[in-house]
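**Student:** Given these sequences and hints, build the entire structure.
Residue numbers (this note's numbering), protein chains in the order written: chain H, 1 to 226; chain X, 1 to 226.
Don't read these hints as lab results, they were simulated from the structure.
Since the structure is predicted, the reported quantities are computational estimates derived from the model, not experimental observations.
There could be a bad hint or two in this list.
[Stated by the list, open to error] Here are some chain H residues pointing at chain X (derived, C-beta under 7 Å):
| id | residue |
| --- | --- |
| 1 | Leu-108 |
| 2 | Gln-112 |
| 3 | Asn-122 |
| 4 | Leu-192 |
| 5 | Gly-193 |
| 6 | Ser-197 |
| 7 | Gly-200 |
| 8 | Met-203 |
| 9 | Ile-207 |
| 10 | Ile-211 |
| 11 | Phe-220 |
[To be verified] DEER-style ranges, computed between Cβ atoms:
| id | chain 1 | residue 1 | chain 2 | residue 2 | range |
| --- | --- | --- | --- | --- | --- |
| 12 | X | Gly-83 | H | Thr-123 | 17 to 25 Å |
| 13 | H | Phe-110 | X | Ser-58 | 52 to 60 Å |
| 14 | H | Asp-32 | X | Gln-112 | 35 to 43 Å |
| 15 | X | Gly-82 | H | Gly-216 | 33 to 41 Å |
[What the hints assert, rightly or not] On the chain H side, residues computed to face chain X include the following (Cβ under 7 Å):
| id | residue |
| --- | --- |
| 16 | Thr-47 |
| 17 | Ile-190 |
| 18 | Arg-199 |
| 19 | Pro-206 |
| 20 | Asn-221 |
| 21 | Phe-222 |
| 22 | Lys-223 |
| 23 | Ile-224 |
| 24 | Ala-225 |
Backbone N, C-alpha and C fix where the C-beta goes; we use that ideal spot for every residue, glycine too.
Protein chains: 2
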Amino acid sequence: MKIAVLGTGMVGRTIAGALAGLGHDVVIGTRDPQATLARTEPDMMGTPPFAQWHAANSGVGVAAFADAAAGAELVVNATNGGGSLAALTAAGSGNLAGKVIMDIANPLDFSQGMPPSLNPVNTDSLGEQIQRTFPEAKVVKTLNTMTASVMVDPSRVAGGEHSVFVSGNDADAKAAVTGILKSFGHRDVIDLGDITSARGAEMILPIWLRIWGALGTGEFNFKIAR
Amino acid sequence: MKIAVLGTGMVGRTIAGALAGLGHDVVIGTRDPQATLARTEPDMMGTPPFAQWHAANSGVGVAAFADAAAGAELVVNATNGGGSLAALTAAGSGNLAGKVIMDIANPLDFSQGMPPSLNPVNTDSLGEQIQRTFPEAKVVKTLNTMTASVMVDPSRVAGGEHSVFVSGNDADAKAAVTGILKSFGHRDVIDLGDITSARGAEMILPIWLRIWGALGTGEFNFKIAR
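**Tutor:** See the structure below:
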């Protein structure tokens, strides 16, 4: 499948690399490809420069948001939550119409101090904001409840015995995303309901951050025991 | 131990019955014991009248909030989240001073429509509100992330292979609550940190409600796979 992954951070790189490894035709979208590839220093979070990753993953294309989305059948939103609407707007509503947007971002809000809070939250969610802004796209919220390495290789944690959620209004879109999740090795995909259920999936982040602190590793996941 | 359980709903009854069964000296606190015992009809949620439960659990005392709290070494807040501060205020700050408050309530807000949202949320929590209002008490948030039957008998779900969280400022209080949790059969007790981590534990409720809908049963629980 032709897939655009919007976002050049650790999450975007991890997802793009894994999808390419599964044989998909993957392009990473960024605001300014020249600038992204020209950077030579690690970013604030210590993430190595993109060009270094790209040299090792040269099968993945790099393009401006709109060019990446125009050629894609499915678009992954792997940008920071605070920049997601701007990135998708740059991708262009016409380039998103009729397509599945697999939204894996979290609307972390660092303006209220640490640990981050969420914005939007409670009676709205980033997933819903994206669906409202791009009504012709089919938004599916998923994977935002775990760290990037576990998203694409669930066997890294407890032999893969844990759960992943999907939220969205379109059954076919959720089935397409579920297919991708299963290709990563996820075995327990729970359909939470329509896109308003993205509120719950996003609101799991605050306890995720505390569990990360308690365990000293982000390599864990929620399993729905039943 | 002498334990007061504030709240006469399903959660309060389940916790009180289980604690009495473990040999504790348990009193259920309510606003007006006479009125509570006089009711003969099920409530709005279909919960049978309290007197019917009490007839089968006559070893559990029934008293006004203040009387229940005055005689207790540990107080369980099993009231509705929206009524918790009023109930604890009726119990009396003097009767709570120096004691552990095991807070198992959720601040569900039905005023924004269904499914319920939370209030407070995100940058505050019910657990923190209680700790601020009763600074001499030692609040420990716990058990709010699962249904009542699983709180007191974790073996009902997946052989007890799942997790429970504690949040609070006082290490001894968390140790005391952890002892109670283990006496119920909980084996994986995760210390999330200080009482501000109750935000995360409470914000898990929206996805809990969606999973309940997806599975058709409340008898599930979160396991932190790692």
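**Student:** Any hints from earlier that this structure breaks? Give me their numbers in increasing order, please.
**Tutor:** 1, 16
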